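Residues per chain, in single letters:
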Amino acid sequence: MTVFFQYLVNGIVIGGTYSLIGMGMTLIFGIMRIVNFAHGEFYMLGAYFLYTLWAILGLNPVLSMLFTFVLILFLGIGFEQLFLRPLRKESSTSSMLMTIGFLIVLQNAALLIWGGATQTVPTLVDLKTFSIGDVVFSTDRILVFLISLTIIIFTSLFIGRTKTGRSMRATFQDMEAAEVVGVNIERVYSITFGFGAALAAAGGFLLAPLFVISPTMGALATSKAFAVVTAGGLGNVRGAILGGLLLGVVESLGAGYIASGYKDAFGYLIIILVILFKPEGLMSRKRKKGVHA
Amino acid sequence: MLRVEDINTFYGTVQALHEVSINVNEGELVSLIGANGAGKSTTLRTISGLRPPAKGLITFRGERIDGLRAYEIVKKGIVMCPEGRHVFPQLTVYENLLMGAFTENNKQVIKQSLERVYAMFPILQKREKQAAGTFSGGEQQMLAIARALMARPQLLMLDEPSLGLAPIIIQDIVRIILELKKEKMTILLVEQNAKLALKLSDRAYCLENGKVSLSGSAEELATNPRIKELYLGG
Ligand SMILES: Nc1ncnc2c1ncn2[C@@H]1O[C@H](COP(=O)(O)OP(=O)(O)O)[C@@H](O)[C@H]1O
Ligand SMILES: [Mg+2]
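Protein chains in written order, with the numbering used here: chain A, 1 to 293; chain R, 1 to 234.
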């Protein structure tokens with residue numbers, strides 16, 4: 001039983017970061033109706049920005065994360081305005097192809113800047129462990145979870161309580177009505193894409209100290225984001241939060257009890273099962289969709 | 001106040017409006033009547049910036065507004081209540097109303113607007129916290145009008161407010177429109193129900209196949225033989 005709880009705790013820690021990545025993707029999908037294939041590349045950039053700002057330049061780690069979040073937010077906004085906005089009159093397929101372009105460009109830019117070798121990022125705090133019962137907690141993982149939780153709460157409040165968040169939900173529910181009341185929907189799109197990318201980056205900088213980082217690490221993150229978003233229901237933010245935790249726990253239990261080599265396969269298993277048995281997502285009551293806080 | 005001159009509007013290659021010209025003076029209630037597909041909604045959508053004209057000129061208080069984006073036109077004071085209501089289904093009534101005041105940043109002004117529409121539509125206050133999607137068609141229409149009023153329009157454009165509603169609900173809507181008219185609000189009303197529209201308005205335009213076929217005072221149109229035959233049931 002102790003082992004089970006240990007896996008559960010580990011899964012929840014990792015799952016919190018999956019929630020962030022999934023929330024970002026589901027927001028972009030819900031509002032812009034496009035799948036962001038470069039999602040994992042923003043995640044990768046999050047990891048490398050933290051690596052550069054903190055491990056290389058020696059900035060305070062929390063400040064480095066904050067900077068990274070803001071930088072990727074603006075990078076996403078810039079990409080949206082420069083490359084996606086001109087495609088608005090075309091079909092959404094064009095925009096999705098463009099995000100594949102982002103993927104290629106960002107991955108190669110990372111290769112060029114940081115090289116192809118994997119890097120490691122030091123743990124956020126002095127590594128200490130303590131146990132409750134026989135379940136071991138380590139300070140770095142607790143910190144990762146607390147920061148994930150903070151960003152999740154912050155995002156929920158942003159979407160649920162602010163005027164900008166309300167205009168995002170309104171645009172999602174009825175784009176034309178949003179225009180009619182005076183929402184600048186181009187602005188909503190830019191903010192959504194930037195914020196979604198920044199959430200992916202947050203997943204990246206939180207996981208960076210736990211794993212090694214490399215320019216190609218994004219591919220796996222994108223596929224996990226798909227799993228989270230499928231499980232939670234497309235466009236459902238609350239669903240993405242739970243979907244992320246679910247994926248983290250399933251991966252951890254699967255790796256522990258079945259085979260650790262297949263850890264990353266469990267996400268696909270979730271996708272397949274959800275699409276077969278509950279295609280509208282585990283969270284949604286039938287037909288009810290929307291960007292919820 | 002509003003001048004629309006010779007506008008052409010297209011959907012892809014299909015031309016929906018041909019040299020449409022209309023005028024609305026301050027304090028007037030002007031209606032656009034015409035059969036289904038005549039181009040009434042397209043005219044409103046063109047004025048509100050959702051579907052800019054390919055040709056022609058639109059001015060509001062002497063200022064050119066064609067080519068402006070929809071949100072910029074709302075800021076100028078032209079607000080549309082769209083056909084089919086288009087409330088935000090998963091937002092509460094209160095949130096829908098706040099969305100109506102999206103272009104207003106002064107909290108005090110928003111609060112006053114809210115008090116005003118709640119006084120006009122008491123049912124909305126009672127159901128403030130309910131999601132708009134759970135409302136009946138008539139209630140959604142009230143909410144859609146209330147939402148438009150939250151923007152404090154100088155020109156209010158109503159697209160088929162009576163569409164698909166029971167006669168008793170239409171009476172409520174008519175009462176609201178007359179109330180707004182008494183307050184000297186400038187209104188451009190689109191209605192397929194020509195009888196109703198001509199009863200309410202000062203002047204009217206009749207659209208046929210994307211062209212203005214007739215215009216004049218409401219009495220003139222109501223007594224015009226062609227209008228009588230085509231739209232007033234003989
Ligand atoms: N989104 C659209 N795409 C293509 N054609 C449209 C669209 N909306 C309207 N139309 C066409 O434009 C014409 C005018 O439509 P509309 O303005 O909606 O008429 P009305 O409001 O008077 O019923 C019609 O022939 C209609 O088929
Ligand atoms: Mg119409």
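Calculated from the structure, these hints are not laboratory results. As the structure is a prediction and not an experimental result, all values here were calculated from the model. C-beta atoms are modelled at their ideal positions from N, C-alpha and C, and glycine is treated no differently. Among the hints, a few may not be true.
Label pairs and their computed distance ranges (CB to CB) [stated by the list, open to error]:
1) L71(A) with G164(R): 46 to 52 Å
2) R69(R) with D264(A): 22 to 28 Å
3) L71(A) with R116(R): 58 to 64 Å
4) T150(A) with M120(R): 39 to 45 Å
5) S94(A) with M120(R): 41 to 47 Å
The calculated DSSO-like cross-link candidates involving lysine-lysine, where the alpha carbons are at most 30 Å apart (straight line), are [said to hold, decoys possible]:
6) K163(A) with K129(R)
7) K163(A) with K76(R)
8) K111(R) with K163(A)
9) K111(R) with K89(A)
10) K55(R) with K163(A)
11) K89(A) with K76(R)
12) K75(R) with K163(A)
13) K76(R) with K181(R)
14) K163(A) with K107(R)
15) K278(A) with K263(A)
Partner residues aside, some chain R positions facing chain A, computed with beta carbon under 7 Å [to be verified]:
16) Y11
17) V74
18) P89
19) F102
Hint consistency between K55(R) and K163(A) [alpha-carbon to alpha-carbon, up to 30 Å]
violated, 36 Å
Could you grab the alpha-carbon distance between K111(R) and K163(A) and see if it respects the 30 Å cut-off?
holds, 15 Å
Holds or violated: K75(R) with K163(A), Cα cutoff 30 Å?
Status holds; Cα separation ~17 Å.
With a cut-off of 7 Å on the beta carbons, see whether P89(R) makes it to chain A.
holds, 6 Å
State, for the Cβ atoms of T150(A) and M120(R), whether the hinted interval 39 to 45 Å holds or is violated.
This hint holds: roughly 43 Å between Cβ atoms.
Can you tell me whether the CB distance of S94(A) to M120(R) sits inside 41 to 47 Å?
At roughly 45 Å between Cβ atoms, M120(R) and S94(A) fall inside 41 to 47 Å, so the hint holds.
Restraint outcome when F102(R) is required to lie within 7 Å of chain A by C-beta distance:
Status holds, d = 5 Å.
Restraint check for K278(A) with K263(A), where alpha carbons must lie at most 30 Å apart:
holds, 23 Å
Next pair to validate is K111(R) with K89(A); report whether the Cα-Cα distance is within 30 Å.
Outside the cut-off at roughly 38 Å; violated.
With a cut-off of 30 Å on the C-alpha distance, tell me whether K163(A) and K107(R) pass.
Between K163(A) and K107(R) the Cα gap is close to 12 Å, so the pair holds against 30 Å.
Between K76(R) and K181(R), is the straight-line Cα distance small enough, at 30 Å or below?
It holds: about 20 Å lies between the C-alpha atoms, which stays within 30 Å.
Holds or violated: 58 to 64 Å for the Cβ distance of L71(A) and R116(R)?
At roughly 45 Å between Cβ atoms, R116(R) and L71(A) fall outside 58 to 64 Å, so the hint is violated.
Hints 2, 3, 9, 10 and 16 from the earlier list are contradicted by this structure; the remaining hints agree with it.
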